[in-house]
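Go by the hints and put chain E onto chain X.
If you want the building blocks of each chain, they are given just below.
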Amino acid sequence: DTAVSQTPKYLVTQMGNDKSIKCEQNLGHDTMYWYKQDSKKFLKIMFSYNNKELIINETVPNRFSPKSPDKAHLNLHINSLELGDSAVYFCASSQDPPGSSGANVLTFGAGSRLTVL
Amino acid sequence: AQKVTQAQTEISVVEKEDVTLDCVYETRDTTYYLFWYKQPPSGELVFLIRRNSFDEQNEISGRYSWNFQKSTSSFNFTITASQVVDSAVYFCALSSQNTDKLIFGTGTRLQVFP
Chain X
1 DTAVSQTPKY LVTQMGNDKS IKCEQNLGHD TMYWYKQDSK KFLKIMFSYN NKELIINETV
61 PNRFSPKSPD KAHLNLHINS LELGDSAVYF CASSQDPPGS SGANVLTFGA GSRLTVL
Chain E
1 AQKVTQAQTE ISVVEKEDVT LDCVYETRDT TYYLFWYKQP PSGELVFLIR RNSFDEQNEI
61 SGRYSWNFQK STSSFNFTIT ASQVVDSAVY FCALSSQNTD KLIFGTGTRL QVFP
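In order, the protein sequences belong to chains X and E.
With the first letter of the first sequence counted as 1, position 32 gets the number 32 in this note's numbering; the numbers rise by one all the way through.
With the first letter of the second sequence counted as 1, position 42 gets the number 42 in this note's numbering; the numbers rise by one all the way through.
This is chain X alone, in the form it adopts within the complex:
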């Protein structure tokens, strides 16, 4: 039973399209994240939600819109896809919120590889 699951695992699409990536965690964690890993393996945080509330928004273009319908789900919608959006997007969760002593002990999903043509 996967702790943090993301769908789809692979996504190939044309520039200008809109796409979504879904994430669900069954760990009972209150905090969820989206990270982007580029082609050079560089990892950077995009968003963090704690109990459905946006905590971190890391200067991501507003074409990216996270949505957290409940604390077990954090979806990522991307409008008007660009070539530079090609990357692996990781969802993660943690038991403790940002700023707490237990923060950033993350359980990651398997990643969603987005290719924009």
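Careful: at least some of the hints might be erroneous.
Stated by the list, open to error - Okay, derived cross-link-like pairs now, BS3-like style, lysine-lysine, Cα gap no bigger than 27 Å in a straight line:
| # | chain 1 | residue 1 | chain 2 | residue 2 |
| --- | --- | --- | --- | --- |
| 1 | X | K22 | E | K38 |
| 2 | E | K16 | E | K38 |
| 3 | X | K41 | E | K3 |
| 4 | X | K71 | E | K38 |
Stated by the list, open to error - Rough simulated footprint, nothing fancy, chain X against chain E, three-plus residues with beta-carbon under 8 Å:
| # | stretch |
| --- | --- |
| 5 | 40-48 |
| 6 | 95-104 |
Please keep in mind that the hints were generated in silico from the structure rather than gathered at the bench.
Cβ atoms here follow ideal geometry from the backbone N, Cα and C, with glycine treated the same way.
Just chain E, lined up with the frame of chain X:
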């Protein structure tokens, strides 16, 4: 500014060799946390360890050990008697009291050959 440097881009060793992955960090905060994450070829990142800035005691977990040295701002990771299954990209990361987000280094790719 917060920064994590992993100068070793790639390391190759033969099974049973010991290997140390270097990590140097920069922060002006007095309370901070250091992490190591492993990304095996399957792609999923796995948490290995977290240390806070007030605990310089080295830690050992099986074949893994971590050496935290505040004097040199380093948090190095040693794998003893490496195995092929240790092949992965290893990321060092930093967060602090004043910066909630996790700042990752660029990763070190470790290849262990049989």
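Each hint tested on the structure:
1. K22(X) / K38(E): Cα-Cα ~23 Å, so holds.
2. K16(E) / K38(E): With Cα atoms ~19 Å apart, K16(E) and K38(E) stay inside 27 Å; holds.
3. K41(X) / K3(E): It holds: about 16 Å lies between the C-alpha atoms, which stays within 27 Å.
4. K71(X) / K38(E): With Cα atoms ~26 Å apart, K71(X) and K38(E) stay inside 27 Å; holds.
5. 40-48: The restraint on the stretch 40-48 of chain E holds, since 6 of its residues have a Cβ under 8 Å from chain X and three suffice.
6. 95-104: Satisfied; 6 residues make the cut.
In terms of the numbered hints stated before, the structure departs from none.
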